[in-house]
Amino acid sequence: MSLSPAFEHGPNPADLPMVDVPALIRAVGPATVARATAYARGGHVLSLDWDPEAEQLSAQVQGGEAEPYQCVVRIRRAAAHDAYAGGWCSCPVGTDCKHMLAAVMVANEQTVRARMGGGLPASAVSPAAPKLPAWRAAFAEILAPSSAARPVRTARLGIQFELRDLDREALSRYGHAYARARREGVKLGIRPESFNPSTGRWGRGSLSWQTFGRHDLQGAYDAAQYRVLQQVQPLQLADGAHHWRGPEAWIYLDDFASPLLWAVLADAAAAGVELVAPRKNGRIHLAGLAEVGLDVREGQKGGLSAAPSLAFDGESVPAQQAGPVGDHGAYAEIG
Numbered sequence: 007m008s009l010s011p012a013f014e015h016g017p018n019p020a021d022l023p024m025v026d027v028p029a030l031i032r033a034v035g036p037a038t039v040a041r042a043t044a045y046a047r048g049g050h051v052l053s054l055d056w057d058p059e060a061e062q063l064s065a066q067v068q069g070g071e072a073e074p075y076q077c078v079v080r081i082r083r084a085a086a087h088d089a090y091a092g093g094w095c096s097c098p099v100g101t102d103c104k105h106m107l108a109a110v111m112v113a114n115e116q117t118v119r120a121r122m123g124g125g126l127p128a129s130a131v132s133p134a135a136p137k138l139p140a141w142r143a144a145f146a147e148i149l150a151p152s153s154a155a156r157p158v159r160t161a162r163l164g165i166q167f168e169l170r171d172l173d174r175e176a177l178s179r180y181g182h183a184y185a186r187a188r189r190e191g192v193k194l195g196i197r198p199e200s201f202n203p204s205t206g207r208w209g210r211g212s213l214s215w216q217t218f219g220r221h222d223l224q225g226a227y228d229a230a231q232y233r234v235l236q237q238v239q240p241l242q243l244a245d246g247a248h249h250w251r252g253p254e255a256w257i258y259l260d261d262f263a264s265p266l267l268w269a270v271l272a273d274a275a276a277a278g279v280e281l282v283a284p285r286k287n288g289r290i291h292l293a294g295l296a297e298v299g300l301d302v303r304e305g306q307k308g309g310l311s312a313a314p315s316l317a318f319d320g321e322s323v324p325a326q327q328a329g330p331v332g333d334h335g336a337y338a339e340i341g
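For the sequence shown, the positions run 7 to 341 when the numbering used here is used.
These are computed hints drawn from the structure, not numbers from a lab.
Any given hint might turn out to be false.
Derived Cβ-Cβ restraints for the label pairs, each shown as a range [claimed, not checked]:
hint, residue 1, residue 2, range
1, 192, 84, 37 to 45 Å
2, 99, 192, 40 to 48 Å
3, 80, 303, 26 to 34 Å
4, 162, 309, 49 to 57 Å
5, 41, 309, 22 to 30 Å
6, 72, 286, 53 to 61 Å
7, 322, 192, 17 to 25 Å
8, 72, 202, 22 to 30 Å
9, 303, 94, 52 to 60 Å
10, 276, 203, 35 to 43 Å
11, 209, 82, 32 to 40 Å
12, 326, 49, 33 to 41 Å
Beta carbons: idealized from backbone N, C-alpha and C, even for Gly.
The task is simple: from the sequences and hints, build the whole structure.
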């Protein structure tokens with residue numbers, strides 16, 4: 007996400023709110039959030055200020071007019087999630103607009119970056135406590151729980167990408183009749199994984215996308231990574247075409263309707279979430295732009311031949327090895 011130089015003198019990112027994006031989508035709709043994400047990425051948010059006492063985010067956002075719009079966004083703070091609570095904007099829409107939500111997206115991005123950096127700035131560090139008398143220090147050492155000296159180790163999270171033959175899987179699990187009735191072909195699936203430092207490998211273990219709806223497991227994983235992956239399944243379910251499928255591990259990007267997927271994947275990469283390939287030497291690359299076209303040429307016998315074409319960031323890839331990501335993107339297996 008690109009940001010303007012105005013943020014060099016903005017609020018301390020460690021103090022900014024982190025608004026729950028799935029709840030935001032339910033409140034204002036995915037289309038508005040998608041437009042806001044594009045505005046945030048495009049550097050339209052010119053200034054940002056946070057008033058923690060009033061729980062208000064103030065921003066100047068450049069819209070279609072010469073003068074930037076003035077926005078005030080109310081944020082309801084909570085221990086688990088900060089919630090969007092409305093506000094106003096000087097644009098013609100007045101409230102719940104892309105300008106207000108662009109400010110929210112930039113605040114979220116700044117918060118993620120601050121959490122990735124680790125620690126607090128010097129100004130936020132508390133002054134040293136007065137030295138205890140020797141006898142009190144001795145008692146404190148005896149009475150302190152043994153776990154206090156041990157730092158809590160949190161697991162790193164990743165997303166595995168894999169092309170899966172769903173027809174073959176349906177045939178092996180449910181038989182010929184079921185497989186013939188539900189032909190789905192090959193699709194690109196994603197599932198969560200965690201890193202095992204003792205083996206040096208990524209694995210699913212008991213993880214599923216439903217794991218990220220449980221607040222009791224948050225402490226076991228990197229906090230910033232956990233918060234990002236919490237957004238994946240709600241985005242998939244927000245289009246109304248999908249339903250909760252219990253502990254199903256895979257989500258298929260071919261059917262992922264929300265274009266906000268790309269913002270989540272970018273945030274995941276920024277938070278250090280590993281993008282895991284199914285093969286040891288494989289690599290997952292997120293391109294910036296996909297271009298789909300139709301290559302029409304004159305045939306040898308006077309007719310015309312037509313074939314689809316696909317390019318990622320200007321580099322052509324075999325369209326025969328590609329698939330769609332909803333109606334807003336594409337993927338391809340190269341090599």
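(message) Tell me the hint numbers this structure goes against, listed in increasing order.
(response) 3, 5, 8 and 10
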